[in-house]
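Chains R and D supply the protein sequences, listed in that same order. Under our numbering, read the first sequence as residues 20 to 205, first letter to last. Under our numbering, read the second sequence as residues 14 to 160, first letter to last.
Hints listed in this document are in silico derivations from the structure and should not be mistaken for laboratory results. Some hints could be false.
If you want the ones that stay clear, here's a sample from chain D, every Cβ over 10 Å from chain R, calculated [what the hints assert, rightly or not]:
#1 Arg17
#2 Leu31
#3 Ala37
#4 Arg56
#5 Pro99
#6 Gly113
#7 Gly125
#8 Gly146
What follows is a set of in silico ranges between Cβ atoms, one per label pair, in the way DEER data are often shown [to be verified]:
#9 Pro30(R) x Gly74(D): 16 to 26 Å
#10 Ser139(R) x Leu18(D): 56 to 66 Å
#11 Tyr116(R) x Gln131(D): 45 to 55 Å
#12 Asp101(D) x Met61(R): 51 to 61 Å
#13 Glu166(R) x Pro94(D): 13 to 23 Å
#14 Met61(R) x Pro103(D): 41 to 51 Å
#15 Gly55(D) x Gln42(R): 58 to 68 Å
#16 Asp38(R) x Pro103(D): 44 to 54 Å
#17 Gln15(D) x Pro30(R): 52 to 62 Å
#18 Leu144(R) x His147(D): 35 to 45 Å
#19 Thr20(D) x Gln115(R): 37 to 47 Å
#20 Ile86(R) x Glu24(D): 47 to 57 Å
The C-beta atom is built at its ideal place from N, Cα and C for all residues, glycine as well.
Residue-level listing of the chains:
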Amino acid sequence: MTDAKQDEVDPNAPVAGMDFFMQLEYHELLCPVVREFADALMDKRLIGHRCPQCGLVYSPPRGYCPICVVPTTKADEIELATRGIVTNYTVVTPVQYYGQEETEPFAKVSLQLDGGGNLSLQDLLEVPVEQVHPGMRVEVVWAPDSERKVDDITNRSWGTAEGAIQGWKPTGEPDASPDDYSDKVF
Amino acid sequence: MQERLTTHTIEFPYTRTLGPVYSAFLTGMRDGQVLGIKSRDGRVLCPPTEWDPTTGDALDGDLVPVGPGGVVTTWAWVTEPSRKHPLDHPFAFALIKLDGADTGLLHVVDAGGIDSMQTGMRVVPRWKQERIGHITDLEAFVPEGSK
Numbered sequence: 020m021t022d023a024k025q026d027e028v029d030p031n032a033p034v035a036g037m038d039f040f041m042q043l044e045y046h047e048l049l050c051p052v053v054r055e056f057a058d059a060l061m062d063k064r065l066i067g068h069r070c071p072q073c074g075l076v077y078s079p080p081r082g083y084c085p086i087c088v089v090p091t092t093k094a095d096e097i098e099l100a101t102r103g104i105v106t107n108y109t110v111v112t113p114v115q116y117y118g119q120e121e122t123e124p125f126a127k128v129s130l131q132l133d134g135g136g137n138l139s140l141q142d143l144l145e146v147p148v149e150q151v152h153p154g155m156r157v158e159v160v161w162a163p164d165s166e167r168k169v170d171d172i173t174n175r176s177w178g179t180a181e182g183a184i185q186g187w188k189p190t191g192e193p194d195a196s197p198d199d200y201s202d203k204v205f
Numbered sequence: 014m015q016e017r018l019t020t021h022t023i024e025f026p027y028t029r030t031l032g033p034v035y036s037a038f039l040t041g042m043r044d045g046q047v048l049g050i051k052s053r054d055g056r057v058l059c060p061p062t063e064w065d066p067t068t069g070d071a072l073d074g075d076l077v078p079v080g081p082g083g084v085v086t087t088w089a090w091v092t093e094p095s096r097k098h099p100l101d102h103p104f105a106f107a108l109i110k111l112d113g114a115d116t117g118l119l120h121v122v123d124a125g126g127i128d129s130m131q132t133g134m135r136v137v138p139r140w141k142q143e144r145i146g147h148i149t150d151l152e153a154f155v156p157e158g159s160k
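Build out the structure end to end from the sequences listed, making use of the hints.
Listed below in structure tokens is the structure:
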């Protein structure tokens with residue numbers, strides 16, 4: 020690209036740089052707990068594992084609780100609510116590096132789901148970034164059946180699930196009290 | 014339960030500055046001219062290097078035109094090109110000693126078939142119409158007289 024730009028300015032200028040493009044494509048077989056998470060997303064269900072010892076909920080499930088150091092199994096699987104509270108947020112102002120498709124500032128939010136379970140790095144829909152705030156009550160917006168996909172989920176996925184969940188939109192209910200989520204902010 | 018295989022692609026574009034010798038070499042490529050460089054003992058090195066391979070002295074000037082034709086000194090036939098290869102049909106990687114040069118340039122010979130390849134054969138360059146200053150501006154060498 021650099022050379023092409025230079026050539027537009029002066030096609031006779033010496034060639035000063037060379038463009039390189041490193042590309043690595045690889046395939047990954049989803050491990051069983053993540054595969055179940057992905058399958059559930061395709062059915063418009065959000066699942067997690069609740070640690071039998073401490074009660075913390077992990078979504079996507081990991082197959083273990085890293086705090087208690089105990090395995091979690093299908094028996095610990097629960098279905099999570101698809102409504103919750105915004106506990107924290109980050110406004111991302113895109114820098115136009117290679118591969119960045121966003122051009123306008125957007126918000127990523129952390130959620131505490133009703134009944135337990137947390138998600139991070141979720142997209143907030145229908146809300147101008149300057150109006151995003153903790154305590155907002157939101158509900159999921161699934162991708163349409165024909166477009167829903169889980170191809171971007173990895174074994175290290177944090178549950179962003181962008182191909183399956185378009186984002187979260189306000190329910191219109193009053194904000195939650197800070198007491199409802201103040202110890203769950205992350 | 015059905016397996017789920019996911020595909021991931023990591024991409025990293027970057028630009029490297031070339032320095033005086035490779036800048037001149039690739040500027041020549043853009044202009045449709047292969048250049049070599051004179052070493053201290055008077056040999057012509059193509060591709061040009063920034064250092065004299067015999068003495069280790071810096072070489073920073075005296076680029077001279079070579080070719081356009083040359084001789085294949087050794088080659089390997091690629092039967093099934095990968096998507097990363099410069100041509101999408103079978104071809105040869107070859108060391109080509111261009112006329113006026115004393116060393117071999119690693120490049121591609123688009124010979125049509127392996128039976129057309131021979132050590133010592135003469136080849137000439139086939140340039141791309143649109144050139145950007147890259148080794149692939151010279152699309153391939155072809156057997157002399159075949160154009």
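Checked against the structure, which of the hints given earlier come out wrong? Violated hints (numbers, rising): 1, 2, 3, 8, 10, 12, 13, 15, 16, 19 and 20; every other hint is consistent with the structure.
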